[in-house]
Amino acid sequence: SQQGEEDPQALSIQEGENATMNCSYKTSINNLQWYRQNSGRGLVHLILIRSNEREKHSGRLRVTLDTSKKSSSLLITASRAADTASYFCATADTGFQKLVFGTGTRLLVSP
Amino acid sequence: DAGITQSPRHKVTETGTPVTLRCHQTENHRYMYWYRQDPGHGLRLIHYSYGVKDTDKGEVSDGYSVSRSKTEDFLLTLESATSSQTSVYFCAISDQGRLNEKLFFGSGTQLSVL
Numbered sequence: 006s007q008q009g010e011e012d013p014q015a016l017s018i019q020e021g022e023n024a025t026m027n028c029s030y031k032t033s034i035n036n037l038q039w040y041r042q043n044s045g046r047g048l049v050h051l052i053l054i055r056s057n058e059r060e061k062h063s064g065r066l067r068v069t070l071d072t073s074k075k076s077s078s079l080l081i082t083a084s085r086a087a088d089t090a091s092y093f094c095a096t097a098d099t100g101f102q103k104l105v106f107g108t109g110t111r112l113l114v115s116p
Numbered sequence: 003d004a005g006i007t008q009s010p011r012h013k014v015t016e017t018g019t020p021v022t023l024r025c026h027q028t029e030n031h032r033y034m035y036w037y038r039q040d041p042g043h044g045l046r047l048i049h050y051s052y053g054v055k056d057t058d059k060g061e062v063s064d065g066y067s068v069s070r071s072k073t074e075d076f077l078l079t080l081e082s083a084t085s086s087q088t089s090v091y092f093c094a095i096s097d098q099g100r101l102n103e104k105l106f107f108g109s110g111t112q113l114s115v116l
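Chains as they are written, first to last, in our numbering: chain S, 6 to 116; chain X, 3 to 116.
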């Protein structure tokens, strides 16, 4: 299976701290995407990084991709209580025929 | 939720009954997807569509069928519901040049099969 595996499964931090979550996958990919899910809601696309990119930024988000290690990390800087959510990585295979989601990291940001 | 409406939001049904979930989009996006979300499994693709009347199976398609007669509507049918189909179902859409990029999700349908 190409399923992404997020680490840690759960993360608890204080407002203002940085949050880092990791994703590992098993086979070659075209791109890797990160999504956020607030409780009881659908997923929201955050950022997409292609296999030929190493780092990407969007606001307080920074994503890195290391294809040699088959891993990615999502960094949220200066966390806010509103960042409390589950975060999922999803990998698209090179044929674009599959987008496979991991099981997610639950982030709790306390005021 | 990016012009995606799922209906119903909640449904309780009995084993063996047929169930249809509806996804309606106002974005005129080409691609539509049905996923189910279960604890410990993340999201798993059931079926997807790449145009009107063009659909294909996903990872967990057994027991499910889909139809897309109009760009804006994608229906998911459980012909004979089973307890293992109790789940949260999400519809998603995308309109990039490639399938499976930057999906927008609906709010989900909580289905309980008793």
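Don't read these hints as lab results, they were simulated from the structure.
Take the hints with a grain of salt, since some may be wrong.
[Stated by the list, open to error] In silico DSS-like links for lysine-lysine, alpha-carbon gap of 27 Å or less:
{"#": "1", "chain 1": "S", "residue 1": "Lys-74", "chain 2": "X", "residue 2": "Lys-55"}
{"#": "2", "chain 1": "S", "residue 1": "Lys-75", "chain 2": "S", "residue 2": "Lys-31"}
{"#": "3", "chain 1": "S", "residue 1": "Lys-103", "chain 2": "S", "residue 2": "Lys-31"}
{"#": "4", "chain 1": "X", "residue 1": "Lys-55", "chain 2": "S", "residue 2": "Lys-61"}
{"#": "5", "chain 1": "X", "residue 1": "Lys-55", "chain 2": "X", "residue 2": "Lys-72"}
{"#": "6", "chain 1": "S", "residue 1": "Lys-61", "chain 2": "S", "residue 2": "Lys-74"}
{"#": "7", "chain 1": "X", "residue 1": "Lys-59", "chain 2": "X", "residue 2": "Lys-104"}
{"#": "8", "chain 1": "X", "residue 1": "Lys-72", "chain 2": "X", "residue 2": "Lys-104"}
{"#": "9", "chain 1": "X", "residue 1": "Lys-13", "chain 2": "X", "residue 2": "Lys-72"}
{"#": "10", "chain 1": "X", "residue 1": "Lys-59", "chain 2": "X", "residue 2": "Lys-72"}
{"#": "11", "chain 1": "X", "residue 1": "Lys-59", "chain 2": "S", "residue 2": "Lys-74"}
{"#": "12", "chain 1": "S", "residue 1": "Lys-31", "chain 2": "S", "residue 2": "Lys-61"}
{"#": "13", "chain 1": "X", "residue 1": "Lys-13", "chain 2": "S", "residue 2": "Lys-75"}
{"#": "14", "chain 1": "X", "residue 1": "Lys-55", "chain 2": "X", "residue 2": "Lys-104"}
{"#": "15", "chain 1": "S", "residue 1": "Lys-31", "chain 2": "X", "residue 2": "Lys-59"}
{"#": "16", "chain 1": "S", "residue 1": "Lys-74", "chain 2": "S", "residue 2": "Lys-103"}
{"#": "17", "chain 1": "X", "residue 1": "Lys-13", "chain 2": "S", "residue 2": "Lys-31"}
{"#": "18", "chain 1": "S", "residue 1": "Lys-31", "chain 2": "S", "residue 2": "Lys-74"}
{"#": "19", "chain 1": "S", "residue 1": "Lys-75", "chain 2": "S", "residue 2": "Lys-61"}
{"#": "20", "chain 1": "S", "residue 1": "Lys-75", "chain 2": "S", "residue 2": "Lys-103"}
{"#": "21", "chain 1": "S", "residue 1": "Lys-61", "chain 2": "S", "residue 2": "Lys-103"}
{"#": "22", "chain 1": "S", "residue 1": "Lys-74", "chain 2": "X", "residue 2": "Lys-72"}
{"#": "23", "chain 1": "S", "residue 1": "Lys-31", "chain 2": "X", "residue 2": "Lys-104"}
{"#": "24", "chain 1": "X", "residue 1": "Lys-59", "chain 2": "X", "residue 2": "Lys-13"}
{"#": "25", "chain 1": "S", "residue 1": "Lys-103", "chain 2": "X", "residue 2": "Lys-55"}
[To be verified] Cβ pair distances, simulated, as ranges:
{"#": "26", "chain 1": "S", "residue 1": "Pro-116", "chain 2": "X", "residue 2": "Asp-56", "range": "45 to 53 Å"}
{"#": "27", "chain 1": "X", "residue 1": "Asp-97", "chain 2": "S", "residue 2": "Gly-64", "range": "21 to 29 Å"}
{"#": "28", "chain 1": "S", "residue 1": "Leu-113", "chain 2": "X", "residue 2": "Ser-109", "range": "42 to 50 Å"}
{"#": "29", "chain 1": "X", "residue 1": "Ser-86", "chain 2": "S", "residue 2": "Ala-83", "range": "36 to 44 Å"}
{"#": "30", "chain 1": "S", "residue 1": "Arg-59", "chain 2": "X", "residue 2": "Arg-100", "range": "37 to 45 Å"}
{"#": "31", "chain 1": "S", "residue 1": "Ala-83", "chain 2": "X", "residue 2": "Thr-7", "range": "47 to 55 Å"}
{"#": "32", "chain 1": "X", "residue 1": "Gln-112", "chain 2": "S", "residue 2": "Pro-13", "range": "22 to 30 Å"}
All C-beta atoms in this analysis are idealised placements derived from N, C-alpha and C, irrespective of residue type, glycine included.
Each hint tested on the structure:
Only pairs whose Cα atoms come within 27 Å are accepted, and Lys-74 of chain S paired with Lys-55 of chain X is rejected, the gap being roughly 40 Å. At most 27 Å may separate the alpha-carbon atoms for a hinted pair to count; Lys-75 of chain S and Lys-31 of chain S meet this at roughly 7 Å. Restraint check for Lys-103 of chain S and Lys-31 of chain S: satisfied, since their Cα atoms lie roughly 14 Å apart, inside the 27 Å limit. A C-alpha spacing of about 37 Å is found between Lys-55 of chain X and Lys-61 of chain S, which places the hinted pair above 27 Å, so the restraint is violated.
A C-alpha spacing of about 8 Å is found between Lys-55 of chain X and Lys-72 of chain X, which places the hinted pair at or below 27 Å, so the restraint holds. Restraint check: the Cα-Cα separation between Lys-61 of chain S and Lys-74 of chain S comes to about 17 Å, which is no more than 27 Å; the hinted pair holds. At most 27 Å may separate the alpha-carbon atoms for a hinted pair to count; Lys-59 of chain X and Lys-104 of chain X meet this at roughly 20 Å. This hinted pair checks out: Lys-72 of chain X and Lys-104 of chain X have alpha carbons roughly 22 Å apart, not beyond 27 Å.
The straight-line distance between the Cα atoms of Lys-13 of chain X and Lys-72 of chain X is roughly 24 Å, inside the 27 Å bound, and the hint therefore holds. This hinted pair checks out: Lys-59 of chain X and Lys-72 of chain X have alpha carbons roughly 19 Å apart, not beyond 27 Å. Between Lys-59 of chain X and Lys-74 of chain S the CA atoms are separated by roughly 31 Å; this puts the pair beyond 27 Å, and the hint is violated. For the suggested pair Lys-31 of chain S and Lys-61 of chain S, the alpha carbons sit about 21 Å apart, so the restraint of at most 27 Å is met.
This hinted pair does not check out: Lys-13 of chain X and Lys-75 of chain S have alpha carbons roughly 40 Å apart, beyond 27 Å. Restraint check for Lys-55 of chain X and Lys-104 of chain X: the C-alpha separation of about 22 Å stays at or below 27 Å, so the hint holds. For the hint pairing Lys-31 of chain S with Lys-59 of chain X, the CA-to-CA distance comes to about 22 Å; that is within 27 Å, so the pair holds. Distance check on the hinted pair: Lys-74 of chain S and Lys-103 of chain S sit about 21 Å apart at the alpha-carbon level, within 27 Å; holds.
Under the criterion of a C-alpha separation no larger than 27 Å, the hint pairing Lys-13 of chain X with Lys-31 of chain S is inconsistent with the structure, at around 36 Å. For the given pair, Lys-31 of chain S sits about 9 Å from Lys-74 of chain S by alpha-carbon distance, which is consistent with the 27 Å threshold. A C-alpha spacing of about 16 Å is found between Lys-75 of chain S and Lys-61 of chain S, which places the hinted pair at or below 27 Å, so the restraint holds. For the hint pairing Lys-75 of chain S with Lys-103 of chain S, the CA-to-CA distance comes to about 17 Å; that is within 27 Å, so the pair holds.
Between Lys-61 of chain S and Lys-103 of chain S the alpha-carbon distance is near 23 Å, which keeps this suggested pair within the 27 Å criterion. Straight-line distance between C-alpha atoms of Lys-74 of chain S and Lys-72 of chain X comes to about 43 Å, which puts the hinted pair past the 27 Å bound. With a C-alpha separation of about 21 Å, the suggested pairing of Lys-31 of chain S with Lys-104 of chain X holds against the 27 Å cut-off. Distance restraint check for Lys-59 of chain X and Lys-13 of chain X: the Cα-Cα separation of roughly 24 Å lies within the 27 Å cut-off, and the hinted pair is therefore satisfied.
As the CA atoms of Lys-103 of chain S and Lys-55 of chain X are separated by approximately 20 Å, the hinted pair is consistent with the 27 Å bound. For Pro-116 of chain S and Asp-56 of chain X, the Cβ-Cβ distance of about 48 Å falls inside the hinted range of 45 to 53 Å, so the restraint holds. Take Asp-97 of chain X and Gly-64 of chain S: their Cβ atoms lie about 23 Å apart, and the range 21 to 29 Å holds. One distance hint, 42 to 50 Å for the beta-carbon pair Leu-113 of chain S and Ser-109 of chain X, is violated here, with the actual separation near 22 Å.
Roughly 43 Å separates the CB atoms of Ser-86 of chain X and Ala-83 of chain S, a value that falls within the hinted 36 to 44 Å. Taking 37 to 45 Å as the suggested C-beta distance range, the pair Arg-59 of chain S and Arg-100 of chain X does not conform, at roughly 21 Å. Range check, Ala-83 of chain S to Thr-7 of chain X: about 35 Å between beta-carbon atoms, so the 47 to 55 Å window is missed. Between Gln-112 of chain X and Pro-13 of chain S the Cβ separation comes to about 27 Å, which falls inside the hinted range of 22 to 30 Å.
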